[in-house]
Amino acid sequence: MSTAPKTISDLAAHVGGRAQGDGDVLIHRVADLESAGAGEIAYVEDEKFFEAAHKSKASCVIVPEGSDVRTPCRIEVKKPKLAFALIAEILHPPKTRAPEIHSSSVIATNASIGKDVFIGAFVCVGENSVIGEGTQIRAGAKIGDGVGVGKHCVIHPNVFLEDGVTIGDRVVLHAGVVIGTDGFGYVRGDMSYHKFPQIGTVVIEDDVELGANTCVDRAALGRTRVGRGTKIDNMVHVGHNCDIGERVIIAAQTGISGSVTIEDDCVIGGQVGFGDHIRVQSGAVIGSKAGILPGKIVRPGVWWGIPIQPLDDYKRLNAHVARVPQMRGELKEIEARLAQLEKDRDQ
Amino acid sequence: MSTAPKTISDLAAHVGGRAQGDGDVLIHRVADLESAGAGEIAYVEDEKFFEAAHKSKASCVIVPEGSDVRTPCRIEVKKPKLAFALIAEILHPPKTRAPEIHSSSVIATNASIGKDVFIGAFVCVGENSVIGEGTQIRAGAKIGDGVGVGKHCVIHPNVFLEDGVTIGDRVVLHAGVVIGTDGFGYVRGDMSYHKFPQIGTVVIEDDVELGANTCVDRAALGRTRVGRGTKIDNMVHVGHNCDIGERVIIAAQTGISGSVTIEDDCVIGGQVGFGDHIRVQSGAVIGSKAGILPGKIVRPGVWWGIPIQPLDDYKRLNAHVARVPQMRGELKEIEARLAQLEKDRDQ
Amino acid sequence: MSTAPKTISDLAAHVGGRAQGDGDVLIHRVADLESAGAGEIAYVEDEKFFEAAHKSKASCVIVPEGSDVRTPCRIEVKKPKLAFALIAEILHPPKTRAPEIHSSSVIATNASIGKDVFIGAFVCVGENSVIGEGTQIRAGAKIGDGVGVGKHCVIHPNVFLEDGVTIGDRVVLHAGVVIGTDGFGYVRGDMSYHKFPQIGTVVIEDDVELGANTCVDRAALGRTRVGRGTKIDNMVHVGHNCDIGERVIIAAQTGISGSVTIEDDCVIGGQVGFGDHIRVQSGAVIGSKAGILPGKIVRPGVWWGIPIQPLDDYKRLNAHVARVPQMRGELKEIEARLAQLEKDRDQ
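So the sequence lines, in the order shown, correspond to chains A, B and C.
First residue of the first sequence: 50, per the numbering used here; consecutive thereafter.
First residue of the second sequence: 50, per the numbering used here; consecutive thereafter.
First residue of the third sequence: 50, per the numbering used here; consecutive thereafter.
Just chain A, same shape as in the assembly (with noise of 0.2 Å):
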């Protein structure tokens, strides 16, 4: 979706950058810079692709302040890429549709729907549930009983949030999310395994993203908590009772048992997988593929492997093991060496 062109001079001001050359032209869509033409705008920030820069057919180029590159019309500012996602909100926003509750929707009717909000086709609003102004629902999305969510949310297709969860403000839940079905947790009897109580709660807070089919599960007692402004990529499971923080990111298809602590500003990578009751500290980076044991405390570092190790050794372990073939031809070596030796002596 675009909107309204602007002029270079406006992008720059936007961005808190400088304008080189005209600033009246009129930008349309951002590209990238071997694609954009005239009416786009493109960024480049590593060294490399600054030749692919000059080159560029944009019409505008965002480029690191102080660099070299000349382009005729440029916006330099200190950070390019995050200049051009801020310009791709203003030029590219998400697509609101016009206020409208869908003649099939299936709404309850002490259910509270806030003013300007879209409800598609197809959606169910349950009971004491409140939604809030400005907020998204698409269609084929089922909101339970005693719901809250806040405002300027996008709740895409099919989405289900169960009974009693609380969403914040701002927050996306792409299509097939399902927030708060019960968490994993089962007690051994003679012959069966009967539930452990899973009653408690999930809370997502303002400004957080949940990728396409992620899941989170309700608490056993108490609440699972994604924290402001984090971002989930797809297919990641949250199990009961984590307490994910803000700002934390966390890619495709990682899995989190129950009762995990990430603190803030984490990142973690696609295909991790936790042990119940880890605490990782603010600020740790888990690499993709990453395993970590049940109860670990992961402390700020970039971590790697299964089970995690800091990265430095990480690679100086796999390092050595390569070299372990070497070695056994080295011991090979030595022992003949010293049953010479061992030879010579007894002669």
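For the record, the hints were derived by calculation from the structure and aren't laboratory data.
Note that the structure is predicted; figures quoted are calculated from it, not measured.
Take the hints with a grain of salt, since some may be wrong.
Since copy identity is lost for identical chains, a pair holds within one copy or between any two.
[What the hints assert, rightly or not] Cross-link-like lysine to aspartate or glutamate pairs, in silico, EDC-like; alpha carbons within 16 Å at most: (1) K130 - D239; (2) K128 - D239; (3) K55 - D73; (4) K144 - D194; (5) K127 - E94; (6) K200 - D255; (7) K144 - D212.
Dock chains B and C against chain A, hints included.
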């Protein structure tokens, strides 16, 4: 959801335990030791929480028979955690929706709908399908043709059951579960793949629970089975022709290739990967993130790693491998001493 | 689903094979050697099942040309398994629903719906979308605005196609598939993340099949592509800007980060993890659970492990590593002999 409160005496009788203190106190809810207050019951089983039990403000604590825990009001029982789960089952029974067939649902005229069934909005039930007494089918679930669903099941929103699958009694299918889609089998032709026939079916036995967005594929020929009382977490993949036994536990994001047999009472961690045609023998335990090669027979015991090994072997080998850097140092030192000896000899 | 029975002669002609025995016998269904009976056809390709083929009660067995299998009624052909798949295609064609636009569906007035299209209950088709001739869109699927769906596709229940994506002909999208949601790209600001623009699109080419709950993200800029004839299993994640070639096979739960290129005719196992900007060259085979570092170029051949290595290297290194405990013993013994030599020298 909560029901009428129960006296401590009644609860003790229900779990075969012994009430100590005022047995007439009414209990409304379960809670954990820390947060519990008046009208709530908590439990303690692990000795390290005995002190927390003494400090708890719960109206009643379930404690291990013969232990030192002497809270003023308690239920003594052999397995406190199990008793807690059993008590939660009666204090917090799963929500039961009053029988209803929502006017928006689309139900084939020759489908058979049992007594006291709940069918929510936007549900489809196909031709010749049978829904057992007391089953609840929530909004947006889609049931194909010729599907059999047993009694007292709960089918959560947006579940899809493909034509011809069979679901037992008291089965719980969480939101987004997909059962009976084609297995993943193709035969390579000259310049394209042809689908190997996927015309079998799926049988889910009584008391099974499947987590959100979990997928169970239909058999190529024959059937895929999930046995009675088995509990499967979110986003697990069960391939065509798998035969999962009774009381098996499978944690989130595990993937099971075609024709895998998992016998009764196995426990499988999260993110485990199974090659095809594996047989896991009854009672085996497989750690999270393990990988198992096709055709493998996994004997009872605890298994770990990629490819799996007995846990003890895995630990021992890892401990040895961790010393490889040191071994390289030792090797170097030995080589130096050897060279010295050779020099001494040759002088 | 089954269609009219066919004679063995007809089936033999269909697969370019040679019928031996009574070619007029009617075949109703495919089956496996063990369970097959009258009216059923089975196949045998692997020599270890030749004896089972002789014991089979199938009315006809498809056998390898020039083999010793001499069942009384058989079709001799070069590739029996392929012939079996081709025969199953005509005996068990996928269910075709009679053309219908269900009265509950919500279809934009300016959407274009082709001839003989089936649209089930609770389906949405957005503005300016085009649905090709003979395509079936099952209950609960949601098609956004400006979506192009080709001819003779099957879009299973609860699929979601976001605005602007393009789907070729004869594409099969299993239940819960999500195509075209935002890619996972953010730029860190001071105290929050900003979305990197995700305004590209997705192109799914002809004859692609995507498994249940699989997600394909839209490109940031440009397009994400899944090439003609590619088959993808359940719960696979395809990140933004990926370019998956033709006839690629990808097993369940594999995760592909942004900007990965997989060339034609690759085979990728399950639970594989791809870092971003990888290129997998045509014909490469990557084993299940492998992990590939960002930026890697994967040449043709068979690859395994985390990070990936050629399969032979992986096996060799693992064999060496398994002997590390023994090496430590040898090292200790050598040290003792060395010390003895030194002692002898110094005396």
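We went through each hint and held it up to the structure:
1. K130 - D239: between (59 Å within a copy, 13 Å between copies)
2. K128 - D239: between (62 Å within a copy, 11 Å between copies)
3. K55 - D73: Close inside one copy (9 Å), not across copies (73 Å); limit 16 Å.
4. K144 - D194: between (28 Å within a copy, 11 Å between copies)
5. K127 - E94: within (9 Å within a copy, 57 Å between copies)
6. K200 - D255: Cα proximity of K200 and D255: one copy only (9 Å, versus 41 Å across).
7. K144 - D212: Between copies only: 10 Å across chains, 28 Å inside a chain, cut-off 16 Å.
Of the numbered hints stated above, none is contradicted by the structure.
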